[in-house]
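S.K.: Please work from the sequences and hints to get the whole structure.
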Amino acid sequence: MPKYFWINPTFLADNRPGTIFFQNYSDSVPDSKYTRDRGYHPLEEVKERPKKKDLSLTDVETARTVVEANSKGLLVFPARVHNEPHGHVAWSDFQYIVDDYGDIFFQVPDSENILEDDAANNPVTVLIGMDGPIIGETSVVTSDFSDYMDVENFIDMPDENDSKIDTEITDILIEWGMPATMRAIHPIYFAKCLTKAVHDKHREKMDSPSNGVSIVGYLRPAFIEEESYLRSLFHDDDKSRFDFTNVGSSTDSTIYKLEIMTVELFSIYGKQLMIDPQDFQDAEPDILANSASEIINRIKENDDQCAMALRSLCHRKKGLTVEEASLISIDSLGIDVRAFSGLEARTVRFSFNAQALSERSAEKKIRRMLFPRRKNVKPSTEDEC
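Quick note: our numbering has the sequence shown finishing at residue 385, numbered continuously throughout.
Read the hints as simulated data drawn from the structure, not as lab findings.
Every clue listed holds true.
Calculated lysine-lysine pairs in the DSSO-like style (CA-CA distance at most 27 Å, straight line):
#1 Lys364 x Lys53
#2 Lys318 x Lys271
#3 Lys53 x Lys365
#4 Lys300 x Lys365
#5 Lys72 x Lys300
#6 Lys271 x Lys317
#7 Lys72 x Lys271
#8 Lys318 x Lys364
#9 Lys365 x Lys318
#10 Lys364 x Lys300
#11 Lys53 x Lys271
As the structure is a prediction and not an experimental result, all values here were calculated from the model.
M.R.: This is the structure:
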């Protein structure tokens, strides 16, 4: 009786001895694109590990941290609300505080108050952590307040004295042979812009940029029932970072609340992001908001050693060969480094392996990142087998 041998259909033998493959496995048939382009089986492909994303604060947290870390804001007023003798925007620096609810209050000395009506709701653009362009179409302070403000309160009334002054200035410019474009610019405004341009440190801003916030809103005088509480916040001993030498006494200044309409974040990574005002006020600032600058100063005590360590860090972690590197920002999740290579400048993020919960913890993590410990390698000896 003939013997029948059953052959398992799940595998077949190749012509070469000892070689089998699973026929009913979907991946066993080589894909044409792999055999043509790569020349190997799909199962032989080594998948790349996904790169670990650097942790960073959210946009809302970053904006809130910027406001918390600073104590001064540049207030820019449209022409219709200030009392300076020109028809352009006017600006001035004033100190502020932020309460537990995210509201911002400014204390303006009466001697420096440039508002035409200091008791009205005056539109304003506030620049914090940055000093953007004030004039021109690209200005960060160009805003239309017509949808938010009572237009009847800001009707420009012609003044005979103003027209006489403008005529006299025009005659002087013509007599001095000034170009026609100068006739539209008030000398006081031109002098103020020139002073600002001279004192701006453009090189430092390029080498060490910072996050900035632009807030559009309006100032209103604080209510009487909250004024005493607010003044105590301004003069709180814990707020030692404020400079009150030019603020004056409580009777010589006015406290204004900033009613926020829009918030825009200008990131050190070149992004401009709109932030919801309510989310901005509800957000918590980073725990290192008030101590980051002190940590940076301590890290940079030995500037040459720090720069060398930062260049090494860029090469180890990011594969970047840079000529110069500078530490520009710190938060509880990591650090930001400004790296330069030739004419190129970029901001690079390095995150911690875990969130820092204190100033001491953050500084310790940064030093370990910049100056890693070398592993001790046991030297080999000839006696070892």
